[in-house]
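Protein chains: 4
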Amino acid sequence: MQPPPPHKPVPGKPADLLNLRVRYSETDQMGTFYNSRALEWFECGRTEWMRHRLGLSYAALEAQGVYLPLVEAHLEFRGGARYDDLLAVSTSAGLAGRARLRFDVQINHQSTGNPVVRGYTIHAFTDAARKPIRPPDWFADRMTKAAKSP
Amino acid sequence: MQPPPPHKPVPGKPADLLNLRVRYSETDQMGTFYNSRALEWFECGRTEWMRHRLGLSYAALEAQGVYLPLVEAHLEFRGGARYDDLLAVSTSAGLAGRARLRFDVQINHQSTGNPVVRGYTIHAFTDAARKPIRPPDWFADRMTKAAKSP
Amino acid sequence: MQPPPPHKPVPGKPADLLNLRVRYSETDQMGTFYNSRALEWFECGRTEWMRHRLGLSYAALEAQGVYLPLVEAHLEFRGGARYDDLLAVSTSAGLAGRARLRFDVQINHQSTGNPVVRGYTIHAFTDAARKPIRPPDWFADRMTKAAKSP
Amino acid sequence: MQPPPPHKPVPGKPADLLNLRVRYSETDQMGTFYNSRALEWFECGRTEWMRHRLGLSYAALEAQGVYLPLVEAHLEFRGGARYDDLLAVSTSAGLAGRARLRFDVQINHQSTGNPVVRGYTIHAFTDAARKPIRPPDWFADRMTKAAKSP
Numbered sequence: 001m002q003p004p005p006p007h008k009p010v011p012g013k014p015a016d017l018l019n020l021r022v023r024y025s026e027t028d029q030m031g032t033f034y035n036s037r038a039l040e041w042f043e044c045g046r047t048e049w050m051r052h053r054l055g056l057s058y059a060a061l062e063a064q065g066v067y068l069p070l071v072e073a074h075l076e077f078r079g080g081a082r083y084d085d086l087l088a089v090s091t092s093a094g095l096a097g098r099a100r101l102r103f104d105v106q107i108n109h110q111s112t113g114n115p116v117v118r119g120y121t122i123h124a125f126t127d128a129a130r131k132p133i134r135p136p137d138w139f140a141d142r143m144t145k146a147a148k149s150p
Numbered sequence: 001m002q003p004p005p006p007h008k009p010v011p012g013k014p015a016d017l018l019n020l021r022v023r024y025s026e027t028d029q030m031g032t033f034y035n036s037r038a039l040e041w042f043e044c045g046r047t048e049w050m051r052h053r054l055g056l057s058y059a060a061l062e063a064q065g066v067y068l069p070l071v072e073a074h075l076e077f078r079g080g081a082r083y084d085d086l087l088a089v090s091t092s093a094g095l096a097g098r099a100r101l102r103f104d105v106q107i108n109h110q111s112t113g114n115p116v117v118r119g120y121t122i123h124a125f126t127d128a129a130r131k132p133i134r135p136p137d138w139f140a141d142r143m144t145k146a147a148k149s150p
Numbered sequence: 001m002q003p004p005p006p007h008k009p010v011p012g013k014p015a016d017l018l019n020l021r022v023r024y025s026e027t028d029q030m031g032t033f034y035n036s037r038a039l040e041w042f043e044c045g046r047t048e049w050m051r052h053r054l055g056l057s058y059a060a061l062e063a064q065g066v067y068l069p070l071v072e073a074h075l076e077f078r079g080g081a082r083y084d085d086l087l088a089v090s091t092s093a094g095l096a097g098r099a100r101l102r103f104d105v106q107i108n109h110q111s112t113g114n115p116v117v118r119g120y121t122i123h124a125f126t127d128a129a130r131k132p133i134r135p136p137d138w139f140a141d142r143m144t145k146a147a148k149s150p
Numbered sequence: 001m002q003p004p005p006p007h008k009p010v011p012g013k014p015a016d017l018l019n020l021r022v023r024y025s026e027t028d029q030m031g032t033f034y035n036s037r038a039l040e041w042f043e044c045g046r047t048e049w050m051r052h053r054l055g056l057s058y059a060a061l062e063a064q065g066v067y068l069p070l071v072e073a074h075l076e077f078r079g080g081a082r083y084d085d086l087l088a089v090s091t092s093a094g095l096a097g098r099a100r101l102r103f104d105v106q107i108n109h110q111s112t113g114n115p116v117v118r119g120y121t122i123h124a125f126t127d128a129a130r131k132p133i134r135p136p137d138w139f140a141d142r143m144t145k146a147a148k149s150p
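Residue numbers (the working numbering), protein chains in the order written: chain A, 1 to 150; chain B, 1 to 150; chain C, 1 to 150; chain D, 1 to 150.
Worth flagging that the hints you see were computed from the coordinates, not collected in a lab. Being a predicted model, the structure only gives us computed values, none of them experimental. The beta carbon of each residue, even a glycine, is placed where N, CA and C say it ideally should be. Any given hint could turn out to be false.
Simulated restraints on C-beta separations [unchecked claim]:
#, chain 1, residue 1, chain 2, residue 2, range
1, A, Ser57, B, Thr144, 43 to 49 Å
2, B, Ser90, A, Ser111, 45 to 51 Å
3, D, Asp127, C, Ser149, 22 to 28 Å
Which residues of chain B face chain A? A few of them, derived with a C-beta cut under 10 Å, are [claimed, not checked]:
#, residue
4, Leu20
5, Glu26
6, Asp28
7, Thr32
8, Asn35
9, Ser36
10, Trp138
Hey, can you work out the whole structure from these sequences and the hints?
This is the structure we're talking about:
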């Protein structure tokens, strides 16, 4: 699969902000956050993006039999973040092709705006048995509306 | 519930050894392992104890509809362990009362024997719907045999 | 060391509330949160307790050369919690003996009050080189004031 | 920075195999491993590659003041893996440009060879204060030798 170009700002795709603090459990002996935590913060960004932009929690989506397993992830580490630092997670999303969903995430320090990590995740649509499905029409409709709102 | 006395050596309950290395992801900015990792290492100890002593993986047990959710855990942190240190996980187990399973775990440095953490976990027996069940007879039989073997 | 009695409500020790959502990364294949995450949530509770009650972040405390490594932890798992559930973390704290700090934590569902997990952690005081120290006088003073405030 | 082409087999860069089992703590409610765990397994692969190919643990490298923080990571999720599944982690490495180190990792099921995840990580060289440095000559020499050995 040809990967979509990373981190190009997508016109009309509104971003959502989430604040979170670096937990002590997320640090490592280098004194910054351990790299895999970024993917866990990306998940927090997706969760809040869906709740606010689609008016639908991902928990509710799974309850309706639609799952969004990761198929690809890309991360660029741009600066450190220490325990208790307050971070701003900015997320945007859009359908990628016919059966993929893509989230772009930027994480910066809340106080200074200094960059921490950015990247994207690409998700398939599957049913509860992990069989690939097309995104339901109502879901695609909500995505289109979310992309148009300011 | 009255907690069982912690860490009393249980006669006739054979222990099993597992070696594992501290991962970088398991360290924190204090330079030792983050405290919650101990519970993850306890799980590794339980997994190998069941495989070796019961001749039954926990995965196989769940496949037969028997789950062992934690109801209680106790941890004593006795010394640090750094990234890449090789640890020895010593596990013993026994039925506790009629419907509880208890694992006692000690973790030491493999090279020096210096203590790292010890503690216990207590588990209920449930079915797939999380309803409490009695341990199946065949499971109790295997536990009795495991406790007798050297 | 004789463990302090677990979970006895301590008169005059005010509790602080923190809300957090269960992350997908914190679930396991049983469908509830993985047990070790509770210790990570306890840490979030301690962090906010110190910020609000002592007027001092734990990050600032470490910056002054005072560290609080865990020496003991006890957990009782009282009910499940699923991805995206909103939890209320209630924390209280007090000096335990001359050189120990104890946090008691209760985690409940925010909406129903149903219990999820409760327990305590006991911490030593050390310097940056992990040598045991007495709690600084100014710290003990703040703890005493925190215990008296409503 | 122009990212190196992903996953092209690099001639002469020998791979090393590590086996590991999926921990229960690494699963999520979808029943497979949570995505961020892949980066933790990649770390295990790097650690063993360095120990076996360079004759130098990463712990020893840090002790000599050379750190390898991640600057980029890419992951492709190719198949599920369940609790207790035995995985084979295959790692290769090489210098990328003058001051970058790149690890390519493939993770497959040990028994069937079915793919689980593949990807790469790119690392900077820094000193203990996180200032970028050139890789030490002795390190570059060992890398060259490692790349030539079968």
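Outcome of the hint check:
no.: 1; hint: A:Ser57 - B:Thr144: 43 to 49 Å; result: holds (47 Å)
no.: 2; hint: B:Ser90 - A:Ser111: 45 to 51 Å; result: holds (47 Å)
no.: 3; hint: D:Asp127 - C:Ser149: 22 to 28 Å; result: violated (46 Å)
no.: 4; hint: Leu20; result: violated (17 Å)
no.: 5; hint: Glu26; result: holds (8 Å)
no.: 6; hint: Asp28; result: holds (5 Å)
no.: 7; hint: Thr32; result: holds (8 Å)
no.: 8; hint: Asn35; result: holds (8 Å)
no.: 9; hint: Ser36; result: holds (6 Å)
no.: 10; hint: Trp138; result: violated (31 Å)
When each numbered hint is compared with the structure, violations occur for hints 3, 4, 10.
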